[in-house]
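*Asks:* These are the residues of each chain, in order.
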Amino acid sequence: MSILLIGAQVGLIYGPLALGIYFALNILSLPDLTLEGSFGIGGASTAVALVAGLDPATALLLGILGGAIAGLITGLLHVYLRMNVLLAGILMTTAAWSISLAIMGAGNISLLSQATIFTWVEGLGFSGQWAAIIVGALASGLVALVLIWFLHTNYGLSMRASGLNIQTARSFGIRTEARQIVGLIIANGLAAASGALVVQSQGFMDVSIQTGVIVVGLAALMIGMSVFKTPKIIPSILGVLLGILVYRVVVTIALKLGLPPYFVKLVTALVVFGIIAVRANGLGLIAIPGTKAAKKNARERLEYLENDRVVNIT
Amino acid sequence: MRVSASNIWRMIVSSTSPETALEVRDCVKRFKGFGRNEFVIAADSINLAITSGTIVALVGSNGSGKSTLMSMIAGSQLPDSGRIIVAGEDVTEQPSWQRTGKVALVRQNPEHNVFSALTIVENFALAEAGQARRFNLKRAAGQRVRDLARDTLAQFSMGLEDRLDQLAGTLSGGQRQAVSVAMATSRNPALLLLDEHVSALDPTRARVVMEQTEAIVRQRSIATLMVTHDMGHALKHSDRLILMHRGRIAMDLSEKEKAGMGVPDLLARFEKLTGETLPDSAVLARAS
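Chains as they are written, first to last, in this note's numbering: chain R, 1 to 314; chain F, 1001 to 1288.
What the hints contain is simulated information worked out from the structure, not anything from laboratory work. In this text, all values refer to a predicted model and were calculated from it rather than measured experimentally. Cβ atoms here follow ideal geometry from the backbone N, Cα and C, with glycine treated the same way. There may be inaccurate statements among the hints.
Unchecked claim - Below 25 Å or equal to it, Euclidean Cα-Cα: the simulated SDA-like pairs (lysine to any residue) are:
no., chain 1, residue 1, chain 2, residue 2
1, R, Lys232, F, Arg1144
2, R, Lys265, R, Ala277
3, F, Lys1258, F, Ala1268
4, R, Lys232, F, Arg1150
5, F, Lys1102, R, Ile166
6, R, Lys229, F, Gln1166
7, R, Lys229, R, Phe150
8, F, Lys1032, F, Asn1047
To be verified - To give an idea of the chain F side of the interface with chain R (calculated C-beta under 10 Å), a few residues:
no., residue
9, Pro1095
10, Ser1096
11, Thr1100
12, Val1103
13, Arg1107
14, Val1114
15, Glu1122
16, Ala1125
17, Ala1129
18, Gly1130
19, Leu1137
20, Gly1169
21, Met1183
Let the sequences and hints guide you as you build the complete structure.
*Replies:* Right, here's the structure in full:
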């Protein structure tokens, strides 16, 4: 039970980030790495806003705005400079490191004396752990509900169409480049929201929080997409949120088993490898050579090798 | 009054009869070949006018420029020179997404006409919103769109009207093409482009979809330009038959001229005119 609670406490505030990655990768089909940089910019903006004396909610909104601007720039680079999104994202994330430092004016900022959304909730009589769970659940739940609503509107549907097939979408009257830019703004705003929440939750901002954070969201996405294998929106979004919980629980168990904290990233990578291995190979992976299952697996691998290997990330 | 080139052009365009659904004027399209200064001429000064309510079949061997012409009209490729006028409006420089109110296109590959990962009713909702280019924040698959989809799909008698909430990816190729034609025609475009839309289907399905397409197009009186490799379809389901060869219109047969003409007559005429044979899917199918 305590492992589940720790998983929810640490994991749920990463819900908006995971949903942002889902939005960029699955809805828009854009492998946008800017999300990592936006996470840092979101954290830096919220930290500076809190130090400047703004209230925690406004600081969170400013953090989201910072990420949204990063997303806008990536979108413009893709549409107007005709730059590959992957490349634009890598460059933006590199730039985001300096931008975060410039926003902060220092390598790290302590928020120990500042009120945060978490101290607000604690003020209502909840423990620190429950405050983190409540804020994380509210943030993730709210983002999930808004996304579910949005993606079923005419505009949201046109955004899904742009991610499915650009030429077909354009023949339906959809200005796909506008959808890509708006979509990247939304996805990066969500990543920045998680960055802002993480900073408010841990009480300090360090520029290194962004490093490798995209893998956390990817792990959640992989787990989620493996649970419900459907293009439908509601199960996919619920799957991503479930994924972030499962991922955090696995990491918590690994730490409880005595692994040192610097192994967290290795565990993360192993979790993603494991999920993909099981999803691609099933039980064929551990089948004894010569058995029916092993032969079936070998045949499937051959088919994979024979085909064009431009595989969807998820 | 200052007489500029654009003014003269505007006068010419405005003088176009509203009865003309499509007018292609001197359209040229060259593609760069592998050589340094080597160009392939895909469309060589094409001139074509289609009056409202007529169905025009467009035939020709591979590489004759049919697809290039269709792409230029739909907007996915821009001509190097020349103009394209749909329902009296010059659309030459418009991107494809701005043309959807006037031009509807059904492609050969069913995957490119419907979104497999969306439900049938969601596909209809997109087509509906795209017609007016009104992508707002209202719920997409509302009752009005459901009614429209149900009524339009019922015309095909394939039972599709009862499967509105299923993913379009669960439909067969023929069913997806039927959905595509239903969506394209429900928008009442000035011009419908059919780019070999039944050629990926088996002969029975192809016949059913082709006959239904013609019935709907005739009932709604939509001008249609239909590319096909099936000379039987080209003769049977059209009011006029155009044959392209090496980027030019080589033959243009009116309803009167093609009356009583059979597939062998058409093939013989093509051979005489161009010195080449025309691959006909119907003939190939019979031969195999």
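*Asks:* Taking the numbered hints from earlier one at a time, note which ones the structure violates and give those numbers from smallest to largest.
*Replies:* none
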